Amino acid sequence: MAKKILTEYINVPGIDTFEVYRKHGGYTAVEKALKTMTPEEVVEEAKKSGVRGRGGAGFPMGMKWSFLAKPEGVPRYLVCNADESEPGTFKDHHLMKELPHLLIEGMIVSSFALGAHKSFIYVRGELMYVIRILEKAIEEAKEKGFLGKNILGTGYDLELVVQPGGGAYICGEETALLESLEGKRGNPRNKPPFPAIKGLYQSPTVVNNVESISNMPWIINNGGDAYAAIGVGRSTGTKLISASGHIRKPGVYEIELGVSVDEFLNSDEYCGGVRDGHYLKALVAGGSSVPILPAHLITKTANGEDRLMTYESLSDGGFATGSMLGSGGFIVFDETACIVRNTWNFSRFYHHESCGQCSPCREGTGWMEKVLHRLEHGHGSMHDIDLLVDISKKIEGNTICPLGDAAAWPVASAIRHFREEFEWHVTHPHEATQPGAVYMGSAALV
Amino acid sequence: MEETKPNLFKITFDGIEVEVEPGTTIMQAARKIAEADRSHDALVPPAMCYYEPLKGTGGKCRACLVKVTQGSAKDTRPMPKLVPSCITQVQDGMVVENTTNPAVLEARKGVVEFLLINHPLDCPVCDQAGECHLQDFAYEHGAAKTRYEEERRTFDRHDLGPYIQLHMTRCILCYRCVFTADQITNKRVHGVMHRGDAAEISTYIEKAIDNDFSGNVIDVCPVGALTDKTFRFKNRVWFTKPVDAHRDCPTCSGNVTLWYRGEEVIRVTARKNEWGEVKEFICNTCRFEKKNTSDWTIEGPAKVLRSSVISANKYRADLVKKPDFALKLANSQYKPIDDSRSYTTDQDQIRQLSIENNDKANHRSQLADKN
Chain A
1 MAKKILTEYI
11 NVPGIDTFEV
21 YRKHGGYTAV
31 EKALKTMTPE
41 EVVEEAKKSG
51 VRGRGGAGFP
61 MGMKWSFLAK
71 PEGVPRYLVC
81 NADESEPGTF
91 KDHHLMKELP
101 HLLIEGMIVS
111 SFALGAHKSF
121 IYVRGELMYV
131 IRILEKAIEE
141 AKEKGFLGKN
151 ILGTGYDLEL
161 VVQPGGGAYI
171 CGEETALLES
181 LEGKRGNPRN
191 KPPFPAIKGL
201 YQSPTVVNNV
211 ESISNMPWII
221 NNGGDAYAAI
231 GVGRSTGTKL
241 ISASGHIRKP
251 GVYEIELGVS
261 VDEFLNSDEY
271 CGGVRDGHYL
281 KALVAGGSSV
291 PILPAHLITK
301 TANGEDRLMT
311 YESLSDGGFA
321 TGSMLGSGGF
331 IVFDETACIV
341 RNTWNFSRFY
351 HHESCGQCSP
361 CREGTGWMEK
371 VLHRLEHGHG
381 SMHDIDLLVD
391 ISKKIEGNTI
401 CPLGDAAAWP
411 VASAIRHFRE
421 EFEWHVTHPH
431 EATQPGAVYM
441 GSAALV
Chain B
1 MEETKPNLFK
11 ITFDGIEVEV
21 EPGTTIMQAA
31 RKIAEADRSH
41 DALVPPAMCY
51 YEPLKGTGGK
61 CRACLVKVTQ
71 GSAKDTRPMP
81 KLVPSCITQV
91 QDGMVVENTT
101 NPAVLEARKG
111 VVEFLLINHP
121 LDCPVCDQAG
131 ECHLQDFAYE
141 HGAAKTRYEE
151 ERRTFDRHDL
161 GPYIQLHMTR
171 CILCYRCVFT
181 ADQITNKRVH
191 GVMHRGDAAE
201 ISTYIEKAID
211 NDFSGNVIDV
221 CPVGALTDKT
231 FRFKNRVWFT
241 KPVDAHRDCP
251 TCSGNVTLWY
261 RGEEVIRVTA
271 RKNEWGEVKE
281 FICNTCRFEK
291 KNTSDWTIEG
301 PAKVLRSSVI
311 SANKYRADLV
321 KKPDFALKLA
331 NSQYKPIDDS
341 RSYTTDQDQI
351 RQLSIENNDK
361 ANHRSQLADK
371 N
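Quick note, the sequences are listed as chains A and B, same order. Mapping of the first sequence onto the numbering used here: residues 1 to 446, in sequence order. Mapping of the second sequence onto the numbering used here: residues 1 to 371, in sequence order.
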């Protein structure tokens, strides 16, 4: 069995209550950190662990913490980003509803490390029942003296606030999240200044993903070096992968970073392989915004090495032949999936979720969606395919926040790897618009 | 007095060196170059959303993206992405490429295209035509043809009070009017409703607009989305003559520009600087109600702006380079009309051809003839 850091006790009945969680070693990290360590030592452990941001960008968490400005007399904030809305990603949702105390314990330790006395958990607004679970757990922790004034008699105060999100994908972008948390329209801010300098209410702020913060209790209990020993190279520790699509066993899996993609996809411990009687066509490895990969680039990289579930290996070859680990939304397509239709679907999502602040994303996402709609419904022409590539190039990198990139990458990569299928939609509009019709002749399938 | 002088940052913009104070943005540095030497006007990045007198504007339209090839003298790495010049502050030793970088020009072309795909292009009936920033921007940086085939997004027209008309369809969502409404009233931030390409300047602002200075949203609007109802459809900008004037106004400075058509004042606006930005905001009384020469003390003809269509040689070839390019393009794409087709006067044959070519109008007229 692979090492489990986050989900070891996830199947224990009643683990969402304080007593059961405490019985299984819960809140020992709070005791250890607050009573025996200084905030600097906690940050040092986080740095040693090498844990990277689990929300998608993969920026080392300890490094992010050390960038936090510490001016005198200005409050500092920790904000937990639980606004998980990326299509294909559902790990934080699972983690919060099953193990609310793990997140709260992580929040206490992390807030202590950063010197924050008021911390926020910004939960996706649609997950009202998760918000209630978290609020109940916070009440329990408060009763037992792990939250509130003078925690465990150490003199450290912390107030934890759960905030329902504004109901938009864009509020998962860290600066838009801060705007939304301040009660404004969730428009991303221009960077710099970064949140570490001027974040929530113009004060230094750290925004971390649920999963990153949930790693902290284990890191405190076992040490950063023990965490760094798990995994491969700069991809340390474990990662939750939410697997979905045409596989036998969809669900959330905790893997050690460094498991091969082949093993994750085909072994019975994880996905269990592509569903019976079908074969693999394409894979989106890290949530809908990362580039899609064709079958021949999934288990092997372009230079013939085994592809591993790590930040480095998945992005091997750049965007030409690689992808990204992203947020760990593992979406598998078998040969019955139409790539054009799927790309249109993703594109429709980004069109709907663009905030409309900067022009390339506001107008470009809608344009791409309309062109893809036309292609999918048999009204496209050959130059539409080149047009899509050109639009995606003009959006990518030119927007305020990464939503523009996220909208451009799936389209650009789908055309890069499955151009024949797009062309088939143009040359065979009648066949392509039949229900369930899929292009079967792609060389990428062999 | 050497000590008290602040350390100036030296930056290189398109190969021209300039010394500016710390905290200056790249855009302001570029404008400083142009102000020192007017022949460098074309180097200044275009600004569609950035508006110096309004706090917080900029960074939205992405029209002013530039390439920073050297971050500073200390850190000589280039910045990985194109940066918006209007909000990026200069560092000592920064090297910026604007018109000399093909990637910048390509991105800018993209921005023009994005701004225009949902714009109605109704310039012939738009009051802003002639002093429209989008027109200038598209003329200077855009492509000659659109690649957009789908239906354009439209909105209903709104009245914002008795004097201001909102044409949301023309809006490019620069947020300037939102910032104006925010800064002339009590901290109102909700100026935009909905999101993505369905976002619109909203009824919230309609309520906020009940203010002595509300008319200024017309002046800050870079396109024809907010227009002056007292001037609507009265005349074209290029037929009018701007004259600087002032009056003793209890609410504002009273410094305005009057726009004459013959003897009649048909429009009053605030005075603008050479970048199309309002110098002093004026009140609604001055703007909408004082339309007689006797209300004003005339100072003399207004300095014609570079951005104004009535300035001589506005589209001078050496300023914008475009006509030369356009002529070349037209030359390369020129095809003589194919008149080698056989010509017939036989009614039946014409009818047959019209059916084949699905020319319904002709077909119907033929049928009508027969009947």
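If you're looking for bench data, these hints aren't it; they were derived computationally from the structure. Everything numeric in this text was worked out from a predicted model, so none of it was measured. Careful: at least some of the hints might be erroneous.
[Stated by the list, open to error] Pairs of lysine-lysine, DSS-like flavour, derived with a Cα cap of 30 Å:
hint	chain 1	residue 1	chain 2	residue 2
1	B	Lys328	A	Lys191
2	B	Lys67	A	Lys393
3	A	Lys191	B	Lys109
4	A	Lys393	B	Lys234
5	A	Lys191	B	Lys145
6	A	Lys70	B	Lys55
7	B	Lys10	A	Lys47
8	B	Lys81	A	Lys198
9	B	Lys145	A	Lys198
10	A	Lys370	B	Lys55
11	B	Lys67	A	Lys191
12	A	Lys35	A	Lys23
13	A	Lys393	B	Lys328
14	B	Lys67	A	Lys198
15	B	Lys291	A	Lys393
Here's how the hints hold up against the structure:
For the given pair, B:Lys328 sits about 41 Å from A:Lys191 by alpha-carbon distance, which is inconsistent with the 30 Å threshold. For the given pair, B:Lys67 sits about 16 Å from A:Lys393 by alpha-carbon distance, which is consistent with the 30 Å threshold. This hinted pair checks out: A:Lys191 and B:Lys109 have alpha carbons roughly 23 Å apart, not beyond 30 Å. The straight-line distance between the Cα atoms of A:Lys393 and B:Lys234 is roughly 43 Å, outside the 30 Å bound, and the hint therefore fails.
Distance restraint check for A:Lys191 and B:Lys145: the Cα-Cα separation of roughly 34 Å exceeds the 30 Å cut-off, and the hinted pair is therefore not satisfied. A distance of roughly 27 Å separates the Cα atoms of A:Lys70 and B:Lys55; the hinted pair therefore holds under the 30 Å criterion. With a C-alpha separation of about 37 Å, the suggested pair B:Lys10 and A:Lys47 falls outside the 30 Å cut-off, and the hint is violated. Between B:Lys81 and A:Lys198 the CA atoms are separated by roughly 22 Å; this keeps the pair inside 30 Å, and the hint holds.
With a C-alpha separation of about 43 Å, the suggested pair B:Lys145 and A:Lys198 falls outside the 30 Å cut-off, and the hint is violated. For the proposed pair A:Lys370 and B:Lys55, the alpha carbon gap of about 36 Å is over 30 Å, so the pair is violated. Proposed proximity of B:Lys67 and A:Lys191 is supported: the alpha carbons are some 16 Å apart, at most 30 Å. For a cut-off of 30 Å, the pair hint linking A:Lys35 to A:Lys23 stands: about 20 Å separates their Cα positions.
Restraint check: the Cα-Cα separation between A:Lys393 and B:Lys328 comes to about 27 Å, which is no more than 30 Å; the hinted pair holds. For the suggested pair B:Lys67 and A:Lys198, the alpha carbons sit about 25 Å apart, so the restraint of at most 30 Å is met. Taking the CA atoms of B:Lys291 and A:Lys393, the gap is near 50 Å; set against the 30 Å cutoff, the hint is violated.
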